[in-house]
Amino acid sequence: MEAKIFLYALGIWVIFVILAILNGTLKNTFITPKVGEYAGHVISTIILICVILIVIYLFISNMKISYTNADLLLVGTLWLILTILFEFIFGHYVMGNSWNTLLADYNILKGRVWSLVLLTTLIAPLLFGLILRK
1 MEAKIFLYAL GIWVIFVILA ILNGTLKNTF ITPKVGEYAG HVISTIILIC VILIVIYLFI
61 SNMKISYTNA DLLLVGTLWL ILTILFEFIF GHYVMGNSWN TLLADYNILK GRVWSLVLLT
121 TLIAPLLFGL ILRK
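For the sequence shown, the working numbering assigns the number 1 to the initial residue and increments by one for each residue that follows.
Since the hints were derived computationally from the structure, they do not count as laboratory data. A hint or two may mislead.
Capping the alpha-carbon separation at 27 Å, the derived lysine-lysine pairs in DSS-like fashion look like this [stated by the list, open to error]:
#, residue 1, residue 2
1, Lys110, Lys34
2, Lys110, Lys27
3, Lys64, Lys110
Please work from the sequences and hints to get the whole structure.
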């Protein structure tokens, strides 16, 4: 992967973090008190996925650097790894959540849909790259 793509992708990931924190604040302040915890989780996840898709679309469509499909898959993988690391490190050591609480959001069998955010960050760069390839 070209260094410019890597640095650009890191900058976009920082934007993801900021947007995710704002989304979490929106969820905890407005959505969950109105609709309950589970519905708040689902609504918040859908909102975050939509926002991430918009940012990724803008990232890919405005990238002036040539890229390969492998580059885009590496970008998605980078975002996935950084997101998981951030979630567990920040969630546990800064927010004080237990490891069990953090892992609970990955249990799709119990209706937790957070994994869809991770899947989106992984595959959307490649999908948009294939769609937008010039």
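* Asked: Under the criterion that the straight-line Cα-Cα distance not exceed 27 Å, is the pair Lys110, Lys34 satisfied?
  -> holds, 21 Å
* Under the criterion that the straight-line Cα-Cα distance not exceed 27 Å, is the pair Lys64, Lys110 satisfied? -> Given pair Lys64, Lys110 is violated - Cα atoms ~42 Å apart, limit 27 Å.
* Asked: Given the hint that Lys110 pairs with Lys27, does the C-alpha gap stay at or below 27 Å?
  -> holds, 19 Å
Figure legend: structure checked against the earlier numbered hints; the only hint not met is number 3.
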